[in-house]
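Peer 1: Below are the chains, spelled out letter by letter.
Number of protein chains: 2
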Amino acid sequence: MNDHTLKAFDEDINALRALIAEMGGLTEDAIDNAMKALTTRDVALARRVVAGDKRIDELDAQIEKLVVQTIALRAPLADDLREIIAVLKIGGIVERMGDYAKNIAKRVEVFSASARVEPLSLLPSMAQIAREMVKGALDAFVARDPIRAIAVIERDRAVDDFYNAIFRTMVTFMMENPKMISESAHIMFIAKNLERIGDHATNVAEMVYYTSTGEKPAERDKATSVGTFTKE
Amino acid sequence: MNDHTLKAFDEDINALRALIAEMGGLTEDAIDNAMKALTTRDVALARRVVAGDKRIDELDAQIEKLVVQTIALRAPLADDLREIIAVLKIGGIVERMGDYAKNIAKRVEVFSASARVEPLSLLPSMAQIAREMVKGALDAFVARDPIRAIAVIERDRAVDDFYNAIFRTMVTFMMENPKMISESAHIMFIAKNLERIGDHATNVAEMVYYTSTGEKPAERDKATSVGTFTKE
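If you read the sequences in order, they're chains A and B. Each residue of the first sequence is one higher than the last, beginning at -18 in the working numbering. Each residue of the second sequence is one higher than the last, beginning at -18 in the working numbering.
Incorrect hints may appear among the rest.
The list treats identical chains as one, so a pair stands whether inside a single copy or across any two.
Here are the computed lysine-lysine pairs in the DSSO-like style, where the Cα-Cα straight-line distance is at most 30 Å [stated by the list, open to error]: (1) K116 to K35; (2) K116 to K197; (3) K(-12) to K70; (4) K116 to K46; (5) K160 to K17.
Calculated from the structure, these hints are not laboratory results. In this text the structure is predicted, and so the values were computed from the model without any measurement.
Just need the whole structure built from these sequences, with the hints factored in.
Peer 2: Structure representation (structure tokens):
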């Protein structure tokens, strides 16, 4: 690459990073608002989250287009090419995080008319960790910071523990409140969505760690949690 | 590109397509075997499915490596570049389908010791459709066949209908069998995994349709099902 191409490549990669950061911000908001809609039974807000996912999808499509264009025009070499492929993959992961937030928002209507489901109160803390992991992973990506990436990876277990605790709590709650079984099942699925968001944030953090250090982070148990089986 | 580069590119893209086909075959087997393990309570088989997912992940990593290498060495132009990016994305999607099959297999242990959960019998037909969609989508990809792609897209609704029926059935079953609530919740999650596999196959089929015709398939309702809320 000559100096001109080099500069043009840097501009493209910065534009891509800005698009990822924008997607990340929208996704964090989507998680926040989906949870807010859920806890306040705000169906209108939930619908805005569902509708807003389109913008996240569009940004992902825009990233893909710019990636193809950058590769075609700049013909980046090994490291730059790997970085740009990483951006493409991270865009796809953030898009899926947005889908999980949308899926949470879609479940809000189930709760709007129904009686209080007590264990719902366990979800906001879990959502906060998942959301912070998303922010942490994307901040680490923008700053190419392996230390921040490790901090995200280490929090994944907390989200898994939350998921298992909620699964167990919901099983007991369903036994005691058979009329709330449907709502309770939706809570389980919401917890699962949050667990998946945490897992995806961890994947991003692992990619950041790998691309900035050249090493894989210490093996974590990649097993996604299936929930603990309780015999009661 | 000169003739030599052109031929080399064709060889690379054929190698990539072969890797996708191999991943697809392993994923179909993983779905089959996970369901077989589930219906026969075969924990050993379930563990083999879980262990076997590593190979699917490796193939995805191999595809990514070959994609980067092909782009760097052959500098493919617009259409070829878009095709190779599509291969990268499809590899990522198939890898996730493998994860869903693994997740089903992980739940088998929950059922091994417990009494018969009747609605389990609804799952195999749903799994068969999901598995056929995976095969259909990847066959369409290998043959660049938009007709086969459309056939896959049209079956997505059947999988969604199955999911909703299973969700409703499980809610009723849980009310009548409070001791089976935990196992029943796992069945709901297995149905959800199958629904997601069908959704991912549909995504692949849509990409195949788009790359082979230049047009987007008629809009389907992308809403992933959250399950029907029953008041009983």
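Peer 1: With 30 Å as the alpha-carbon cut-off, assign the pair K116 and K35 to within, between, both or neither.
Peer 2: Classified as both; 20 Å inside a copy, 29 Å across copies.
Peer 1: Quick one: K160 to K17, C-alpha cut-off 30 Å, is that within a copy, between copies, both, or neither?
Peer 2: within (24 Å within a copy, 33 Å between copies)
Peer 1: Can you give me the call for K116 and K46, within, between, both or neither, at a CA distance of at most 30 Å?
Peer 2: both (24 Å within a copy, 28 Å between copies)
Peer 1: 30 Å Cα cut-off: does K(-12) pair with K70 within a copy, between copies, both or neither?
Peer 2: Answer is both; intra-copy 23 Å and inter-copy 28 Å each pass.
Peer 1: Treating 30 Å as the Cα threshold, decide for K116 and K197: within, between, both or neither.
Peer 2: Only inside one copy: K116 and K197 sit 21 Å apart there, 33 Å across copies, limit 30 Å.
Hint violations for this structure: none, all hints satisfied.
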